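Asker: Going down the list, the protein sequences come from chains A and B.
For the first sequence, position 76 matches number 76 in this note's numbering, and the numbering has no gaps at all.
For the second sequence, position 44 matches number 44 in this note's numbering, and the numbering has no gaps at all.
Accuracy of the hints is not assured; some may be wrong.
[To be verified] Cβ-Cβ distance ranges computed for the label pairs, FRET-style:
id	chain 1	residue 1	chain 2	residue 2	range
1	B	Q45	A	H10	20 to 26 Å
2	B	F14	A	G3	31 to 37 Å
3	B	L51	A	R51	37 to 43 Å
4	B	P79	A	P8	39 to 45 Å
[What the hints assert, rightly or not] Per the computed footprint, the stretches of chain B lying under chain A, defined by three or more beta-carbons under 8 Å from a beta-carbon of chain A, are:
id	segment
5	10-17
6	102-115
Quick caveat, the hints were computed from the structure, so don't treat them as lab data.
Everything numeric in this text was worked out from a predicted model, so none of it was measured.
The beta carbon of each residue, even a glycine, is placed where N, CA and C say it ideally should be.
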Amino acid sequence: ETGVTQSPTHLIKTRGQQVTLRCSSQSGHNTVSWYQQALGQGPQFIFQYYREEENGRGNFPPRFSGLQFPNYSSELNVNALELDDSALYLCASSLGTGIYNEQFFGPGTRLTVL
Amino acid sequence: AQSVTQLDSQVPVFEEAPVELRCNYSSSVSVYLFWYVQYPNQGLQLLLKYLSGSTLVKGINGFEAEFNKSQTSFHLRKPSVHISDTAEYFCAVSDWGGGTDKLIFGTGTRLQVFP
């Protein structure tokens, strides 16, 4: 059974650019949640996708958007990058949306914005 | 909205000594609590969770935590640590908001185990 994978591992962008991060969920999982982890901080919830629809959103501006595909893999898109967007971006997959369903995390994508 | 406070940013300890990592949460009618571990350059791994039932929760790698409703705490303990326990530990609480259940994380505690 393959775990949660994310690509790329590292990414360097400049302010104003756009970026797309990818996440492959664990086999059989239909829910993907995205988190932003700034240096020295805990992860912060960005949004969650369930069966290709956004199923909840944290306190992030609309320039953070996402997609979920029929195979339940997911993308996080960030437009108009700002320096404060530099962080580790984690995705987590689960069997469903309820908190009872354990979230399995990928290793993350480290984004640096210059 | 829920919040979590991890009282210690760093905890140094010698190998085979006991350790306690402290976590307090904001009060609520019902709450679900979690501890995650993050090894360097890796994602988060669930150590244990409290959903209901016994207030003493046992997890992986010999860790346990006790849910204390009156003190709104969920401290993580291990009776004897190993070098391999060196990592960042995050306490998290469930919160309903923005249309879904989500995890609210603390700022983390770095456990450094010395030989």
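Asker: Are the hints correct? Go through all of them and say.
Answerer: Comparing the hints with the structure gives:
1. B:Q45 - A:H10: 20 to 26 Å: holds (21 Å)
2. B:F14 - A:G3: 31 to 37 Å: Holds: the Cβ-Cβ distance is about 33 Å, inside 31 to 37 Å.
3. B:L51 - A:R51: 37 to 43 Å: For R51 (chain A) against L51 (chain B), whose Cβ atoms are near 24 Å apart, the range 37 to 43 Å is violated.
4. B:P79 - A:P8: 39 to 45 Å: holds (41 Å)
5. 10-17: With 0 residues closer than 8 Å to chain A, the segment 10-17 of chain B misses the three-residue bar; violated.
6. 102-115: holds (count 7)
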